[in-house]
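Chemist: Each chain, written out:
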Amino acid sequence: MTAAISARGLARHFGAVVAVAGIDLDVPCAQIYGFLGPNGSGKSTTIRMLCGLMVPTRGTVTVLGHAVPKESEALRRKLGYMTQRFSLWEDLTVAENLDFMGRVYGLERALRHERMRDRVANYDLAGIVGQRAGTLSGGQRQRLALAAATLHDPELLLLDEPTSAVDPQSRRDFWENLFALVAAGTTILVSTHYMDEAERCHRLAILDRGRIAAEGEPKELVRDIDATVIEIESEDLVAARRALATLPAVRSVAQLGNRLRVLLHCDARDPEGELGAALASHCPDARVERVEASLEDVFVAATRLRKEAETVAERAA
Amino acid sequence: MSWFERLLAISAKEVRQLARDRITVGLIVGIPTIQLLLFGYAINFDVRGVSAAVLDQSRTSLSRRVVADLGATQVLGEIRQAGSERELRELIQRGETNVGIVIAPDLERRVAEGDRAAMQILVDGSQPALENIAEGLSSIPILRRAGTPAASRPVEIVVAYNPDKRTAVQIVPALCGVILTMTMVIFTASAIVRERERGNLELLITTPVTRGQLMAGKLLPYVVIGLIQTTLILTLGYWLFDVPVAGRLIDLYLGALLFIAASLSLGLFISTLAQTQFQAMQMAIVTMLPSILMSGFMFPFEGMPAVAQGIAQVLPLTHFNEIIRGIVLRGASLTDMQPELAKLGVFLAAMLALSIARFRKRLD
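Line order of the protein sequences matches chains A and B. For the record, in the first sequence the residue sitting at position 50 is 50 according to the working numbering, with numbers rising by one throughout. Start counting at 1 in the second sequence, then tack on 1000, and there's your number in the working numbering.
Same shape as in the complex, but just chain B (with noise of 0.2 Å):
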């Protein structure tokens, strides 16, 4: 009998176990499915379709193209006139507008001479978006140059890798990585500790398994639902938003790979330090509202603090979200992800280390 048998017997006992618990069977499949189609239909950083109205004053064929230029953007939506000043300001109060965009009487000679105003933006401030799209409007660069044709702007903005700039592309990649963080965490945070509360402990640590076994063995079942976990968001990803991975599918599941072990080694270390299951989970939750708030997934990573900065470097997701989007995204291989990778591995070993030396075969 092979050290990896008794190390199998940890593992089938895991599986057995896992198989009976309908409803967090029910979990493994269910977490990624409600979250991928809660954070990809509904999160939506980007904004279309903003309702408008425009008081033209001006009436001329200039104002009319800086409208349809306007229209063209598809920030706005339909764009509806208003008579009068005092219409416009109604039509935003009453909701029924979110920008109000006042063309001057005397557009072409204001444009003509730079100097004052030429198009005024009003934004309904309730809504903290609107105001970017305000920053965006007011940049129409046809105010600038007055008369020549749209096609010669001097500035044109070109979005890399997502040219479309749909929020879908950047949240199923990294949304991978908040699922996983989530699960892996959780459902490891539970393993020792449960056997710990339901006194199966006391009898498995008078037997021969060892502590690497009893460690390894419990994790192995775990690593391989992660797999089928990062398996099901990828092609929920790419079936329902599109998503296309754009480096090789060998060099993401490494990757993933990499990072499940790194997470359930911290959902290990939870139980070692856990009494009770409701401890674990708590710790665990600790763990994981830093990795999604801090890790990049929600804020740029360049504007937070530098503290929150030092923290994100602690975390396993802020690695794999740049890992991910690096291989789903931009096509890159793993050959050029080695700092995250490698920052990762460091993460690995040392919770492993820790919760082995945390771990003892003994009540005491």
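Next up, chain A with everything else stripped away, as it sits in the complex (with noise of 0.2 Å):
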């Protein structure tokens, strides 16, 4: 299997913040790959450099075969781009975006007519052509933008946070229409953070204040995880929590109903004796439970734990 998309060391610093410190990538042909990660930990910066948009201040890249920024300009015929923010011209209707959006990848006109036709069926946009684009709801924006951006028949699509301003409905069909287009060969790079969407992806990577903090098949990651998960049920949670907070072992606590999700350093000879006994004084009634990982936990412990260690190391040092 040949890479689509692989970076070595990509690196992108604004002044003194480094957005993308160093990050080394493979993505794999006609697969979804994920970026998951919260706000600024630097995917809408990678993507944009993946696309010539932004030049690496570090760091090379090479997107089906072309070096870029070097050969961006080839390279755009291959590629469709959906950006995190509508933008496609609101004034015009969906007919007038998908005919621009056409003629600017340079489709002859029976091809584009051909092409628009086709999306407006696939994407169901056939009720609204004649509507204005910024008249449209979230979800029909998103496939009108997906429509544009897959006009041209690309090769590769990169979709920053597509579904951020979209329902769960849209989002399910939207990611039905993504399946689509990799069972026609494109390859997909979409940068979410959402944990459902980030599971539904061939390959993840888990983004963190600009490093990849984690890699690998969804499944992998859960079945790999650097915690142990326990889950605790008790009618006094704000106890249980005081309790829980004087151990050393526990690296995060999160509340889910009446339950408490903990992650323990892995390294914990026997987690539940340890958490039951620590917890036996406070709130008697506490069941604790060791449970499968989730992708949440996995994105947690690949960011806040990696954190916390590097606090510690810091202070060591």
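If you're looking for bench data, these hints aren't it; they were derived computationally from the structure. Source: prediction; values computed, not measured. Beta carbons: idealized from backbone N, C-alpha and C, even for Gly. Be aware that one or more of the hints could be misleading.
Covered stretches of chain A, going by a simulated chain B footprint (3 or more residues, C-beta under 8 Å) [as the list claims (entries may be wrong)]:
id, segment
1, 48–59
2, 96–103
3, 169–178
Make the complex out of the two chains shown on their own, each in a separate frame, by following the hints.
Modeler: Take a look at the structure:
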């Protein structure tokens, strides 16, 4: 399997701010590759460097065999890009926007019209072709943006947080469309901060403050998580939290309804026993249970735990 | 798909968006019309029908002829008679009269001897333009050539190309340049910034559109708009102010085309400098004021200090004023205007080069 995108030591600084701090990336062809990360983790900057919109401070990028940013222009025809913000023209109709993008991508009239008909049918735009883009709902805008980005049959689609302004049903439909594109051979790189979307990707890179904190298939990431996940059920979760705060092995505590989800360092020998003992005096009703890690746990472990480790290291230094 | 077709795609989109922006469409016609009416009717550099009063202490046939001559200049309107010097001063003070003329009792002797003033002109100094009128009136030749008929005045002033000294004749052609400067620079100054602000540019620059296609495609519709405005101004000028075009129309339009392109390229350059539409507007105004004030539209070019003249040389409007005045008023042809055309061409080339150099298909 050849890589559609490969980057080595990719970094981007904005003055003193380090947005991307040197990442290595290999995105396989005909798959959906996800960037999962909080706001400001460097997702957009990385995507912009991959399509030549920004010049890396350091590092090399090859996209579909083209060195970027040097050969960006040659790459443009093979690339579809959906920006984070809706960036088609709000004062043009759906049909006019598609027609314009088709012309800009150099599609001949007959081919352009054929592709437009096809996208309008596939992306459920038939009822709104004459409507101005500015009056569309979030879901409609997003379908239009995807239609426009795929009009020239790109080999690679870069999607920067495509579903951030869209309801859950539209998100499901959107992902169905992405899988259809992948089945036809398109490579897709998508950034998101939704766990459920990240789980749908073939492969995933968790970005944190400009670095890749973890990388792999979602299942692998869950299996190889660098933490033990425990759930605690109790009537008095406040007391339980207080008790947990004293334990050095506890790395993160999050409440889910009447349960606490606790991440512990995986070097603990008997995590359930340790927690049970600590909780016994404060909230005797506590039930402690070891559970399967989720992708969110992986995300928390990869981002928060690393941050703590760094802080400790800094203090020691 | 040729290079030009992609450019046309940009232009077609621009026109479509423009056509949907009703206010802007209104401004395309509205700005020239309103400006022309305002400037054409309101700004009047020549003064006529100034009210005057005469205190004729001489009451001879010569004094009556002097008064009649003053009336014939048309500068003065109705000339009232004042009974005394005090009455005359009161008339001026109350603003009923702007100019007072006192004719000495011994007018004929003073004229003959020529050593003392035979006539005194009192002017309301609060109105600056009137001083010039007094200046003009005092040189009425009849006072120096007493006794000879008015027809044989030794000095006759002939004003070439605008014998009636009507301001409109000077104003309309110059206004054409001023209005084009205003609209062309402002329209294009925001052209690229608008797309940047709305986020369209980030998408557009990931497409195969080149910088040249983008720039030229954006400018093309405005070139047409500029020519429409030129036509509108000249037509209105002809209908409302009787300003005919002495030279050839083709020369006029070719000159206008070059000037429009130069103004658009200035706007485009501003568009590559500004980050927001608001900044672009302010920069456009900064370039517009010197154009209006220093191009010779408002004040005679020759009267300005050397520094100002140097700045004026950089402004496209200065050269276009020369070109259009030449063609419209003096019937000159483009071959007479080569230096001006060359300067406009240099300006256009420099601005386009700077714009393309400044615009990168990147976000950083």
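Chemist: Going back to the hint list, which numbers does this structure go against?
Modeler: Hint 3 contradicted; others consistent.
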